[in-house]
Amino acid sequence: MTPMQPQLITTPNLEAPDDFYEALIEAHQGLSTEESHAFNARLVLVLANHVGSLAVLREAFDAARAG
Amino acid sequence: MIDYQSLRFDYTRHADQDAAAPARHPVVVVGAGPVGLTLAIDLALRQIPVVLLDNDNSLSSGSRAICFAKRTLEVFDRLGCGDRMVDKGVSWNVGKVFFHDEQVYRFDLLPEPGHERPAFINLQQYYVEGYLVERAAALPLIDLRWNNKVTGIAQGDDGAVLTVETPEGEYRLQAGYVAACDGSRSNLRQMLGQEAKGRVFRDRFLIADITMDAQLPTERRFWFDPSFHPGQSVLLHKQADGMWRVDFQLGWDADPVEERKPERITPRVRALLDSIGFEGVQFQIGWASVYTFACQRMERFRHGRVLFAGDSAHGVSPFGARGANSGVQDADNLAWKLAAVLAGDAPDALLDSYASEREFAADENIRNSTRATDFITPKSEVSRLFRDAVLELTKRHAFARSLVNSGRLSVATVLRDSPLNTPDADPFAGAMVPGAAAADAPVRRADGSTGWLLRECHVARFTALVFGTGDAAERSLQALKSSDLALHVVRVEGTGTGADAELATQRYDAQPGTVYLLRPDQHVCARWRHPTAAKLRAALDHALAKA
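Chain order of the listed sequences is A and B. Throughout the first sequence, residue numbering follows the numbering used here, covering 4 to 70 in sequence. Throughout the second sequence, residue numbering follows the numbering used here, covering 1198 to 1744 in sequence.
To be clear, the hints were calculated from the coordinates, so they are not data collected in a lab. Each residue gets a CB set at the ideal place from its N, CA and C atoms; glycine is no exception. Be a bit skeptical, because a hint or two may be false.
Unchecked claim - A few chain B residues that face chain A, going by a derived Cβ cut-off under 7 angstroms, partial list only:
1. Phe1583
2. Ala1586
3. Leu1590
Claimed, not checked - Chain A is nowhere near these chain B residues, computed Cβ spacing over 12 angstroms in every case:
4. Met1198
5. Ala1212
6. Gly1259
7. Asp1410
8. Asp1444
9. Ser1486
10. Ala1546
11. Arg1581
12. Asp1623
13. Gly1645
14. Arg1652
15. Ala1683
16. Ala1742
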């Protein structure tokens, strides 16, 4: 039996959506636009490493592209 | 000591120039650089006479290619000149990457023991060419003609007629096959109306040979955005004779003529040396060049009787040392096939596999080289944003270090999908899949002496590695014997005569009786737990494109 390929979770999965969103915006507090872009880039890389699976990350790229 | 850079070779008139009709030769190799010389020597060792034409009468000017990979050294060993290269060159395995002035990443390209050769040596291209020329001179089957420039080609069904220009006028030559090893601006490619296509990178780099007396570890050092050269990258590498290679990224707007002047180079080198603790060290600037590069290849490496090898067929950025090294692998791949076809042991179709295997390899090299280049010289704002984000994160997070790409260095291409491979019928683990270049390992010979596995392989023929002892090994040997094939048999016994003997067994995931069939270029083409004579014969026919 082949193990199930991991899939991108697009159903609600955040344990505290409003708290997360507030924290995300707060994390950008005091940063210039340029600094925020750099922050976001580092954030993407950190999260990508956490996810690990290239297949899931590709699905995430598609989801983000589709908007 | 010979100064290979200033050596000049005499043009001599050849009887072919006075022949009434063009003289016919089985193979004419065009271009006596590292690739053409490797090919000519390899062919001569297989008893094929070769005419080797070079358009001038000197070796490489400047150090140019300096990093010669383990696989290339193993090819040079087979040709009988690896020891000289390694003795003269600077061996290294370790690379360090710096961001700003802080080390963020260190890699070891050969982290395991039990290999005869290091991951790399650094040696100026003129030494490599000089040693190959001297090796070629010892082989009577090689007819090396300096100042012989090919200016025309007409192909027919059974060969090609070349027009050759010399200091004493033109003559014509007939060739059964032509190997175009004539470099990135290949004349033969142009004459056949072909081109190499790909991506040109809008960036300029200053490359210079610096001679100085400085004690630094022999490792590759690469800086992103160092304080001594802000916003750009720098590479520092040691070569033979106390010479160092420096490579400064300059950006697209740099003036290539101005930047090559010593008064412009000196302050750049001074700033580099000062920043690494060599404030007082004096240096001299030798050869220098400002270059741009493209990652590109010809669509097909075979055009009738003409086979393209090395830079004529494909080009990469220098980050990864994939230019000269892949060219030598081209020659390594082509020589035994040409020899087999010319000897009547294989159909002409075998040469199609040269093209398909090396086109596949070129794609791999271009992919790696392009990725490194995109990291070193980001082509868009967002590309630079992510590049800098990776470098920032390396300071505190190990995962980011694996993303840092200052060049993924040349290793032999695994010819996984080669039409010459016989697919596995038995389960095997490990890296020695059909298509892989055979891994080296220490071996103990029957007389008790020790050696290296790759040295035991035959320089010209197919080799069968037979692992283990006992009944299973005896049955495999019997199958080899009754197959009646002209194979060179190497027994790898691994009977517990120390950890070394086990390494070969591990690397090949071998059990008693396991047999690997290696092509003359040492790539695995088939393997079995329990071979039969019929399977061996079928695999050999397959590897010669007979089936």
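Structure-based check of all given hints:
{"no.": "1", "hint": "Phe1583", "verdict": "holds, 5 angstroms"}
{"no.": "2", "hint": "Ala1586", "verdict": "holds, 4 angstroms"}
{"no.": "3", "hint": "Leu1590", "verdict": "holds, 6 angstroms"}
{"no.": "4", "hint": "Met1198", "verdict": "holds, 51 angstroms"}
{"no.": "5", "hint": "Ala1212", "verdict": "holds, 62 angstroms"}
{"no.": "6", "hint": "Gly1259", "verdict": "holds, 39 angstroms"}
{"no.": "7", "hint": "Asp1410", "verdict": "holds, 42 angstroms"}
{"no.": "8", "hint": "Asp1444", "verdict": "holds, 27 angstroms"}
{"no.": "9", "hint": "Ser1486", "verdict": "holds, 35 angstroms"}
{"no.": "10", "hint": "Ala1546", "verdict": "holds, 38 angstroms"}
{"no.": "11", "hint": "Arg1581", "verdict": "violated, 10 angstroms"}
{"no.": "12", "hint": "Asp1623", "verdict": "holds, 22 angstroms"}
{"no.": "13", "hint": "Gly1645", "verdict": "holds, 49 angstroms"}
{"no.": "14", "hint": "Arg1652", "verdict": "holds, 40 angstroms"}
{"no.": "15", "hint": "Ala1683", "verdict": "holds, 44 angstroms"}
{"no.": "16", "hint": "Ala1742", "verdict": "holds, 35 angstroms"}
Figure legend: structure checked against the earlier numbered hints; the only hint not met is number 11.
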